[in-house]
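Asker: Protein chains in written order, with this note's numbering: chain A, 1 to 191; chain B, 192 to 718.
Do not take every clue at face value.
[Unchecked claim] On the chain A side, residues computed to face chain B include the following (Cβ under 10 angstroms):
1. F37
2. Q97
3. S98
4. M99
5. P103
6. L106
[As the list claims (entries may be wrong)] Have a look at the derived ranges for each label pair, beta carbon to beta carbon:
7. B/F569 x A/A36: 52 to 60 angstroms
8. A/S86 x B/Q650: 47 to 55 angstroms
9. A/A36 x B/N694: 46 to 54 angstroms
By construction, these hints were calculated from the structure, which means they are not laboratory data. Heads up, the beta-carbon is just placed ideally off N, CA and C, and yes, glycines get one too.
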Amino acid sequence: MSEIPNGGEGLSREQQRRANRSLTARLLVFTAGSFAFGFALVPLYDVLCKVTGIGNAEAKAGRAEVREAVDPNRTITVEFIANQGSVGSYEFYPRTQSMRIHPGKLYDTTFYARNLTPVPSVAQAVPSISPGESVQYFHKTECFCFSPQKFKPGEGRDMPIRFIVDPHLPAKIDKLTLAYAFFDLTQNAAR
Amino acid sequence: MAHATADHAHDHHDEPAKGITRWLFTTNHKDIGTMYLVFSLIMFFVGGSMAMVIRAELFKPGLQLVDPVLFNSLTTNHALVMIFGAVMPAFVGLANWMIPMQIGAPDMALPRMNNFSFWILPFAFTIMILTFFVPGGAAAGGWTLYPPLSIQGGDSFPMLIFAIHMMGASSIMGAINIIVTIMNMRAPGMTLLKMPMFCWTWLITAYLLILVMPVLAGAVTMLLTDHFFHTSFFNAGGGGDPVMFQHIFWFFGHPEVYIMILPAFGIVSEIIPTFSRKPLFGYDSMVYATASIAFLSCIVWAHHMFTTGMPLAAEMFFMLATMLIAVPTGVKVFNWTATMWRGSLSFEPPMLFALSFLFLFTIGGFSGLMLALVPADFQYQDTYFVVAHFHYVLVPGAVFAIMGAVYYWLPKWTGHMYDMRLAKWHFWLSTIFVNVLFFPQHFLGLAGMPRRIPDYAVQFADWNMVSSLGAFGFGLSQIIFATVVIKCVKGGAKATAQVWDANPRGLEWTLPSPVPYHSFQVAPEVK
């Protein structure tokens, strides 16, 4: 093999090969980094949502500790909506469609769910509150959505939620909607 | 291994090996470039046939030809074939052919990886096309693969994910090869800022590729584990979020659209100066504009997701950042126009395609600006207006640039001039029909016709019929393209080294036509 002059700064073939190899290695590391970055976006996304309050991150958060400070002069409507992640596995609806409430006071209500399948199942409710800017003022001190719910075949039951609306809720908001999506986790739980 | 044999042959012979092994084991950048281009042309016709069925179904309201699931499979796979099978391999093929010749290198820096990155592609697309024949049919949830719909697919789902992984691996290897070639293999004196624009745009594209293709690989891997291993990346019931997929996907997806247009900018920046008989106006600003577009493309992804709901501040940011891209793009369009200003223009087929690109791509850019506006986007989201927009930037944009590039360099590759009359027929028919095909889709979209639906309200019937007629015309015109290319490969008037009497600039024109199998074994002098 004869020495053929070529390449960037007139390198020898061997130098050229070494330079190529080292740049290739660095680019492969860059590629691996990009792949890792794709996965890093998952926690980053959650962090960003928590920091900015986007996407109801607060609504999905756990038990809130709040003290009652009732504002009897203000009345707000809270509506309850039930959605299903997949059709056919559960019956799922709110026992009360809507409530008139005062901010700063604790209220209780229930959602009813029944397992329609002939096998034991597990489900998880994921809450969503709208309008989005009210999320940080809606606190749940007790909720069936805090943990997966187990059902025997055909079992149905009422599931409680206790909530309080912060009196600092912006004055322009007079109606809140609390929606639950009910997801069948039986497959995932069985892993 | 087989590659070793090929390398051996490569060192000792000046002529290519005979028979099929030449193509299987080749490490020669010209052979690999040719294979990429041929593969891309085949995929162009495969994806085009899918589009023909789609437009035939949409010729009139009601369900005529295909059932809705197959229709959705066709739209999904048409997109994947055209993006990953036609446009991207065509650019990689052009890069393989032209970059070593333009920077005075004897070959690509990593010839064996080059062979590998090409040969994965036929396998990837075989797997993808085979999904049409598995139970449940091919993926039908759109090329964007949004969960939860995409992970509810049948056997096609894991096959498609595997195929996408292979395509991704192929483009990543291709990109690494191009970066190493450009960074390390330039002839002495060929400084970065003396490189032809095609090399510059490809260098930047290659960096975008290794930045975002792995992110796509990650996203589809997450889909795969959500489906088979019950992870909950995108499953709300398990604490995940389906909207997160859209964020990750579009972090890949938006730079991807620039991956498909930046090399086209490079091609147009080669063709227009040649046939204007003037140097490119504002070379440095072209380089900086390309880099700015690449940077901005990475921070605007959420404009694909305005209707998923996001805070006003985020909508404003993504809207304004998106509109900002119009500035460097405008710099480019004005530079091309300024290059032609008082130039001595002639209208050979490559120039015709470049000019058509300039007009029609700009139309696509303007409809993109309309889509960037948040309140307008709420109306346009998922309508045919979006379809019209991205087809304007991809067909008379990317595809016309590729065709212009083929018409520009084909005599250099084959040593023959092609049939100019036939090429001009191809140009005029394509340009007329592409507008008949896509322009009415703007009207349909503004009137509210949703995309990805096999049926539509009767009020949309007239423009759909016009659009379908345009599609058939455009599809048939491409047979002329294939004819011109095949005829030119087989023979024709001898091309000179210069090919064009317009005196084109660049090292590739100092080589004889056809280019010898090995070129620039001794690095040329660059002044």
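Asker: Determine for every hint whether it applies to the structure shown.
Answerer: Cross-check of the supplied hints:
For A/F37, the shortest C-beta to C-beta distance to chain B is roughly 6 angstroms, which falls under 10 angstroms, so the interface hint holds. Restraint check, A/Q97 versus chain B: the minimum CB separation of about 23 angstroms is more than 10 angstroms; hint violated. The beta carbon of A/S98 is not positioned within 10 angstroms of any beta carbon in chain B (closest approach about 23 angstroms), and the interface hint is therefore violated. With its C-beta approaching chain B no nearer than about 25 angstroms, A/M99 sits outside the 10 angstroms limit, and its interface hint is violated.
Among the interface hints, the one on A/P103 is violated; its C-beta lies about 23 angstroms from the nearest C-beta in chain B, farther than the 10 angstroms criterion. Below 10 angstroms, beta-carbon pairs count as interface contacts, and A/L106 has none with chain B, the closest being about 27 angstroms; its hint is therefore violated. Under the hint 52 to 60 angstroms, the C-beta atoms of B/F569 and A/A36, about 35 angstroms apart, miss the expected range. For the pair A/S86 and B/Q650, the supplied restraint of 47 to 55 angstroms is violated, since their beta-carbon distance comes to about 35 angstroms.
For the hinted restraint 46 to 54 angstroms between A/A36 and B/N694, the CB-CB distance of approximately 49 angstroms keeps it satisfied.
Violated hints, in rising order: 2, 3, 4, 5, 6, 7 and 8; the structure is consistent with all others.
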